[in-house]
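**Q** For this one, chain V is given, so just place chain D on it according to the hints.
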Amino acid sequence: MRAAVVVFPGSNCDADAYHVLEQVAGMAVDYAWHTETDLAGYDAIVLPGGFSHGDYLRSGAVAARAPIMAAVRTAAEGGVPVLGICNGFQILLEAGLLPGAMLHNAGIDFRCEWVDLRLETTDTPFTSAGSAGNVLRLPIAHGEGNYFAPPDLLARLRDEDRVVFRYCDANGRTSLSANPNGSIDGIAGICDAARNVVGLMPHPERASEPDLGSADGRVFWESLLSMVAK
Amino acid sequence: MTERRFRARVDVRLNENVNDPQGNAVRAGLHSLGHADVAAVRVGKMVELTLTATDAESARERVDRMCHELLANPIIESYEISVREGS
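Residue numbers (numbering that gives the first Met the number 0), protein chains in the order written: chain V, 0 to 229; chain D, 0 to 86.
Worth flagging that the hints you see were computed from the coordinates, not collected in a lab. As the structure is a prediction and not an experimental result, all values here were calculated from the model. Keep in mind that the hints are not guaranteed to be accurate.
As the list claims (entries may be wrong) - Sample of chain D residues lacking proximity to chain V, with all beta carbon distances greater than 10 Å (derived):
{"hint": "1", "residue": "Val17"}
{"hint": "2", "residue": "Leu29"}
{"hint": "3", "residue": "His30"}
{"hint": "4", "residue": "Ser31"}
{"hint": "5", "residue": "Asp36"}
{"hint": "6", "residue": "Val40"}
{"hint": "7", "residue": "Lys44"}
{"hint": "8", "residue": "Thr53"}
{"hint": "9", "residue": "Ala55"}
{"hint": "10", "residue": "Ser57"}
{"hint": "11", "residue": "Arg59"}
{"hint": "12", "residue": "Leu70"}
{"hint": "13", "residue": "Ile74"}
{"hint": "14", "residue": "Ile80"}
{"hint": "15", "residue": "Ser81"}
What the hints assert, rightly or not - Not the full set, but computed from the structure, chain D residues with beta-carbon under 7 Å of chain V:
{"hint": "16", "residue": "Ala24"}
{"hint": "17", "residue": "Thr49"}
{"hint": "18", "residue": "Thr51"}
Where a beta carbon is used, it is the ideal one built from N, C-alpha and C, also for glycine.
Just chain V, with the same shape it has in the complex (with noise of 0.2 Å):
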């Protein structure tokens, strides 16, 4: 099995996402720079976490308009599994194939420390592994993860069981004193339609492996090799 880390000038957790795919989960990785066109072959395509063309107009506004983004596009239509974490998220929203958009956060800081998430939905190829109402210690270090959807989206999100994340606290509930950047709804993750384009703003990536504090990152590994052996 195969993976690609899509890398931006200004991606920073490219090596991250590179290690766990390949000593994690076991998989062969390239790194796709974002000027390639050809994605075709891999079972997996992860857009890893950074400031894509240093967040300017719009935190991954420019990255979304790379060439290799066509590439993405067509493997998602294809039914590849594609993973945006944290500026991969915003640059999955910028690009058109996660709706919504992303604002500054809330209370205008910058947020990095733990957070706890309710998985909300199995239906993804990161989150088959686990079962819906696990709570998932991972990190976070976002400017702009303040999530956004008009009302008619967000409906629709919610009946069609798209939202993968929600903020909680260490018992699994949503409230607005456990959403870190006041996205709407405590979203902090959500998925396309066909359901195999991921993104959410914290780092399973970085709380794969116990050393690091948490290893609760590894569900959305586990889950992938599941999917792909199928």
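**A** Same frame as chain V, now just chain D:
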């Protein structure tokens, strides 16, 4: 048709229904300076660009396309374009 040079100015602003944390931060700064009566601040972006086109209308159409493609995000932002000849 001769190509002429135009300067376009795009003002991008957050839609009214979208919270503006940056505007709130600036408002807090103004309040610290004693401008206690400032009730609301909204911060937008201004993009200036120069381009060539046969006339002002086609320059505007091109810039409008650029706004759709990159310069503004229609989910959270709106924009206004002004075009003048020269660089």
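**Q** Please flag the earlier hints that this structure goes against, numbers listed from lowest up.
**A** 1, 7, 12, 13, 17 and 18
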